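*Asks:* Going down the list, the sequences are from chains P and Z. The opening position of the first sequence corresponds to residue 1 in my numbering, with each subsequent residue numbered one higher. The opening position of the second sequence corresponds to residue 1 in my numbering, with each subsequent residue numbered one higher.
Just to be clear, a hint being listed does not mean it is correct.
Said to hold, decoys possible - Subject to a maximum C-alpha distance of 25 Å in a straight line, what follows is the list of computed SDA-like cross-link-like pairs (lysine to any residue):
hint : chain 1 : residue 1 : chain 2 : residue 2
1    : P       : K464      : P       : F475
2    : P       : K106      : P       : I17
3    : P       : K28       : Z       : G355
4    : P       : K107      : Z       : K278
5    : P       : K28       : Z       : H350
6    : P       : K107      : Z       : K408
7    : P       : K107      : P       : E156
8    : P       : K203      : P       : L231
9    : Z       : K408      : P       : Y168
10   : P       : K28       : Z       : K278
11   : P       : K106      : Z       : L412
12   : Z       : K278      : P       : I17
13   : P       : K466      : P       : E456
14   : P       : K107      : P       : E355
15   : P       : K28       : P       : L5
16   : Z       : K408      : P       : N108
17   : P       : K106      : Z       : K408
18   : P       : K489      : P       : L43
19   : Z       : K408      : P       : M357
20   : P       : K489      : P       : L5
21   : P       : K164      : Z       : K408
22   : Z       : K408      : P       : T233
If you are wondering where the hints come from, they were derived from the structure by calculation, not from laboratory data. In this text the structure is predicted, and so the values were computed from the model without any measurement.
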Amino acid sequence: MCNQLLLYVLLFPLLPILLLTIVPFSSKQCKWISFFSMSFHFLLSLPLYFYFDSAAPALQFEINFPLIRSWGANFHLGLDGINLLLILLTTLLGPLVVLSSFETIKKNERFFYSMLFLLQFFMLGTFMVQNLFAFYLFWEAMLIPMFFMIGIWGGERRIYATLKFFLYTALGSIIMLVAIIWLLHAYILNTGTPSLEFSELYKLAIPFDAQLWLFAAFFLSFAIKVPLFPLHTWLPDAHVQAPTPGSVILAGILLKMGTYGIIKLAFPLFPQAAIYFSPFIGTVAVISIIYGALLALTHADIKKIIACSSISHLGFVVLGLVSFNIIGTQGAMIQMISHGFTAGGLFLIVGMIYERMHTRELTEFGGLAKSMPMYSTLSMIIVLGSIGLPGTSGFTGEFLILLGYFSSAFALFKETQNIFPLILSVAAISGVVLGALYMLRLVQHFLFGPTNKKTENLLDITFKEKFILITLSFFIILFGVYPKPFLDKIEKSVENYTSLSLRK
Amino acid sequence: MTFFQIISSTLPENILIMGLLLILLFEMILPQNKLFPLLLTAIILGGTFLSLFYPPLENAFETFYLGNNQTSLLKMALLLIALPIVIGFRSSFYSYKAQALFISAILGAFYMISSLNFLTLFLGLELLAFPTYVLVFLGTKRSFSAEASLKYLVLGSTASAIFLLSGVFLYAATGTFSLMNFENIITLNTFHTQLFFLFFVLAFFFKTALVPFHQWAPDVYDGADLGITSFMAVFIKAAYFLTLGRLFGQLEITPLTLILFGIVPLASILWGNLAAIKQTNFSRLMAYSSIAHAAYIYYAFIGTEAERLPSLTFYILSYGLVVAASFITLNYLSDELHDLKNFKGLFKRHPWPAGILSFCFLSLAGLPPLPGFFAKFYIFKNVLAEGHTTYALAAFLASYIGIYFYLKLIVLMYMTEEETELKAHRKYGSVGFALGSLFLLVPAIWLTTFFLK
Numbered sequence: 001m002c003n004q005l006l007l008y009v010l011l012f013p014l015l016p017i018l019l020l021t022i023v024p025f026s027s028k029q030c031k032w033i034s035f036f037s038m039s040f041h042f043l044l045s046l047p048l049y050f051y052f053d054s055a056a057p058a059l060q061f062e063i064n065f066p067l068i069r070s071w072g073a074n075f076h077l078g079l080d081g082i083n084l085l086l087i088l089l090t091t092l093l094g095p096l097v098v099l100s101s102f103e104t105i106k107k108n109e110r111f112f113y114s115m116l117f118l119l120q121f122f123m124l125g126t127f128m129v130q131n132l133f134a135f136y137l138f139w140e141a142m143l144i145p146m147f148f149m150i151g152i153w154g155g156e157r158r159i160y161a162t163l164k165f166f167l168y169t170a171l172g173s174i175i176m177l178v179a180i181i182w183l184l185h186a187y188i189l190n191t192g193t194p195s196l197e198f199s200e201l202y203k204l205a206i207p208f209d210a211q212l213w214l215f216a217a218f219f220l221s222f223a224i225k226v227p228l229f230p231l232h233t234w235l236p237d238a239h240v241q242a243p244t245p246g247s248v249i250l251a252g253i254l255l256k257m258g259t260y261g262i263i264k265l266a267f268p269l270f271p272q273a274a275i276y277f278s279p280f281i282g283t284v285a286v287i288s289i290i291y292g293a294l295l296a297l298t299h300a301d302i303k304k305i306i307a308c309s310s311i312s313h314l315g316f317v318v319l320g321l322v323s324f325n326i327i328g329t330q331g332a333m334i335q336m337i338s339h340g341f342t343a344g345g346l347f348l349i350v351g352m353i354y355e356r357m358h359t360r361e362l363t364e365f366g367g368l369a370k371s372m373p374m375y376s377t378l379s380m381i382i383v384l385g386s387i388g389l390p391g392t393s394g395f396t397g398e399f400l401i402l403l404g405y406f407s408s409a410f411a412l413f414k415e416t417q418n419i420f421p422l423i424l425s426v427a428a429i430s431g432v433v434l435g436a437l438y439m440l441r442l443v444q445h446f447l448f449g450p451t452n453k454k455t456e457n458l459l460d461i462t463f464k465e466k467f468i469l470i471t472l473s474f475f476i477i478l479f480g481v482y483p484k485p486f487l488d489k490i491e492k493s494v495e496n497y498t499s500l501s502l503r504k
Numbered sequence: 001m002t003f004f005q006i007i008s009s010t011l012p013e014n015i016l017i018m019g020l021l022l023i024l025l026f027e028m029i030l031p032q033n034k035l036f037p038l039l040l041t042a043i044i045l046g047g048t049f050l051s052l053f054y055p056p057l058e059n060a061f062e063t064f065y066l067g068n069n070q071t072s073l074l075k076m077a078l079l080l081i082a083l084p085i086v087i088g089f090r091s092s093f094y095s096y097k098a099q100a101l102f103i104s105a106i107l108g109a110f111y112m113i114s115s116l117n118f119l120t121l122f123l124g125l126e127l128l129a130f131p132t133y134v135l136v137f138l139g140t141k142r143s144f145s146a147e148a149s150l151k152y153l154v155l156g157s158t159a160s161a162i163f164l165l166s167g168v169f170l171y172a173a174t175g176t177f178s179l180m181n182f183e184n185i186i187t188l189n190t191f192h193t194q195l196f197f198l199f200f201v202l203a204f205f206f207k208t209a210l211v212p213f214h215q216w217a218p219d220v221y222d223g224a225d226l227g228i229t230s231f232m233a234v235f236i237k238a239a240y241f242l243t244l245g246r247l248f249g250q251l252e253i254t255p256l257t258l259i260l261f262g263i264v265p266l267a268s269i270l271w272g273n274l275a276a277i278k279q280t281n282f283s284r285l286m287a288y289s290s291i292a293h294a295a296y297i298y299y300a301f302i303g304t305e306a307e308r309l310p311s312l313t314f315y316i317l318s319y320g321l322v323v324a325a326s327f328i329t330l331n332y333l334s335d336e337l338h339d340l341k342n343f344k345g346l347f348k349r350h351p352w353p354a355g356i357l358s359f360c361f362l363s364l365a366g367l368p369p370l371p372g373f374f375a376k377f378y379i380f381k382n383v384l385a386e387g388h389t390t391y392a393l394a395a396f397l398a399s400y401i402g403i404y405f406y407l408k409l410i411v412l413m414y415m416t417e418e419e420t421e422l423k424a425h426r427k428y429g430s431v432g433f434a435l436g437s438l439f440l441l442v443p444a445i446w447l448t449t450f451f452l453k
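Based on the sequences and whatever the hints tell you, model everything.
*Replies:* As structure tokens, this is what we get:
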């Protein structure tokens, strides 16, 4: 198979950007060019999945050439089980996002779609690169298109929201940058040559004191992105103000950057610090789960409810990661993908209804099940996926996470009589119940109940919208009913990274 | 010392002097014309640039003047930065008078870079400063530019006085005015050398507008013509820093240098970025931003010795070209109004200028993958290599404030509805020049790599 495929998948979005910037297309042309480019992009990335050898623990489809030698900066791309599914999730959501922006984006389409492709490029870069310098480049650059997206096409308080989003995330990154430079020098001191390759840095023996600081710097940056309590305050604002496509990308992919960073960098680079901080991280994760769910229960704005549910769901991911065992980490990976489908889908659902009703207040809805049966059915599947009903992707993820965390907590209890992690895992289970509570409350007021004047005569969803929701529902059910092939693909790498995180 | 030796050992400077005389001659003979002065300057600068490829084989002024590959590269960097300004702001430099002043400023900068002696350095410093005082005064029709010019003159002279004072201590300490092996003079570490160093650095703090010697900058930047402002913000700053870079290249890091280059600049970063948030005028905003950026550059001097000059040069080039591009773009939009109100809704009316400006602002904010990020990374990588983690962290956190106001500019351009209808000059050429100035970043990177060899 073509070894350069990964590179092509990464660079492909630059082509439509160039095209959209130079040629003055009409808005209709823009839409379709973007849609076909994104669809082609997804098809281009599909062989990555099929040709990915799940038995080999090493990186595949590798591309490596030096950027700046004395800084240890290489342009190093590689595919492993950790980023494989996330890359595919990114390319899969691409065409769906474009379809959803057909109706929602009404001004500066050319600029919007170029920003969308730019964002796609940066996100894929963040997932693919295997060099810390390149990672930082993509990681930070990602903020720029998102900044434009929320700021130009967002809601009423878009400027406040976009600045808050940018400044929150940039603060974490700046501190991480200092830690990255520190790592570079530590590596030079140890070996005499500069390198910021992930694989080289994993081998680096860092003293425990330094690890604590470096871990804190990296983790802060990732925790803001996830976001974990109490660094989550940017999220509801950004989500509510962002246009539908922006929200979908934000929830579907951008938030995973944080958890991806934790599993790929924070834990394996600083394993001792990770173990040292793990009770703290577990606590914060559980607080996020419960706090996010409680927040979701209080809001009446549908978008805010979904935004808060993201905090809760990503808390589960982090909880799965601190279990430091294969089951929990696999669960976290599945939960990341599942959340991409469900949260992305929920934002799309809200976007569709917002186009018809121009409101997001829960109290103004009701009885959509009668007037829009197709819409309601598909919405229900996605909502159930979000709750984690058995048979949906959410269940696979959450179940594996809880299982993984409980088994590691129980092992710790037997070893040291420390009951705290066990309490945490019980508390986390209550998060599942709360999740069902706020989601069913949402559905109850939204889809069921009596119709009102506004909702009586709504038209059901169009073919385009059906296509979006059916695609997502398909994957939600696929991951719930038969997750084995996906779990197989990631197992080797998960094993690899958990053992890296557990080394002394 | 033969005539040929004298000519060849300071060839670039001699070409500039000849050019200067030619300009003055032509002013008498030829009529005032828009093209001639520009053409003449282009020929002079081109000749100077070419002459830099031939470093002098012999040196007739060996205790006063240094001419080697390094100084040639620094001078090339300087010309590279001057290029977009001369071309992009043709209107500011149309007259013979302005061209002559401009050439003489470049001459001063060249002497500064090559100086091995306190007197040569002082000569260069004044040769650079005096034409600028006049340019600030000449280049405008507004009444308060006289005030700006006077302010610049008075405060600039104060800096020169402080600089001269440092010479006194130098003479007291060593008995000569020689600046050869600058680092050895400092390592003598007597009371006099310390005072010399302190006053020397303070004079440059004054010249490069570091807090607390920064008050003149916003007023002067605001008062002067846009072309002259960018000349000051870009070229003159570059000249000072490249000179310092050559002199301080091997300087040992002592507690005194840590205070001067690690803590004093921090105040500049903080104040420059904080004050910039409140500005409503673009030139004033850029003045405060340049105060902050000058401070980042000083951090190069507490970095690894071998990489001080390359990192500093790269910073100067990437900063200078980006600022030049942003000023040129602004010139396209309007050369009278610098009010930030006019930025509102710019993207809608002029997408290309808005795009260039946002590239510039994001680069100034230090966001990857733009050149400003690499420049900052390079400098602070070296600071961390010397183990000054806290200084670097503090500077980074202070620079974080800066992101806010650059983003606010983008918010104005892209996310705010327009209020006033602004008439643009529609000099599409300018936008091209701005783009061209950004493309100069490529040779800038190429040039910087030579310092590493």
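*Asks:* Hint by hint, say whether it matches the structure.
*Replies:* Right, here's what the structure says about each hint:
1. P:K464 <-> P:F475: Since the Cα atoms of K464 of chain P and F475 of chain P sit roughly 17 Å apart, the hinted pair holds (cutoff 25 Å).
2. P:K106 <-> P:I17: 19 Å, holds
3. P:K28 <-> Z:G355: 23 Å, holds
4. P:K107 <-> Z:K278: 31 Å, violated
5. P:K28 <-> Z:H350: Within the cut-off at roughly 22 Å; holds.
6. P:K107 <-> Z:K408: At roughly 21 Å apart (the allowed maximum being 25 Å), K408 of chain Z and K107 of chain P satisfy the hint.
7. P:K107 <-> P:E156: Satisfied, since the Cα-Cα distance of roughly 15 Å is no more than 25 Å.
8. P:K203 <-> P:L231: 31 Å, violated
9. Z:K408 <-> P:Y168: Roughly 15 Å between the alpha carbons, so the hint for K408 of chain Z and Y168 of chain P holds.
10. P:K28 <-> Z:K278: 42 Å, violated
11. P:K106 <-> Z:L412: 20 Å, holds
12. Z:K278 <-> P:I17: Distance ~35 Å between K278 of chain Z and I17 of chain P Cα, so the pair is violated.
13. P:K466 <-> P:E456: Measuring from Cα to Cα gives roughly 20 Å; hence the hint holds.
14. P:K107 <-> P:E355: Holds: K107 of chain P and E355 of chain P sit about 15 Å apart, inside 25 Å.
15. P:K28 <-> P:L5: 30 Å, violated
16. Z:K408 <-> P:N108: Within the cut-off at roughly 20 Å; holds.
17. P:K106 <-> Z:K408: This hinted pair holds, its Cα atoms lying about 24 Å apart.
18. P:K489 <-> P:L43: 19 Å, holds
19. Z:K408 <-> P:M357: 33 Å, violated
20. P:K489 <-> P:L5: Distance ~18 Å between K489 of chain P and L5 of chain P Cα, so the pair holds.
21. P:K164 <-> Z:K408: With Cα atoms ~12 Å apart, K164 of chain P and K408 of chain Z stay inside 25 Å; holds.
22. Z:K408 <-> P:T233: Roughly 21 Å between the alpha carbons, so the hint for K408 of chain Z and T233 of chain P holds.
In terms of the numbered hints stated before, the structure departs from hints 4, 8, 10, 12, 15, 19, listed from lowest to highest.
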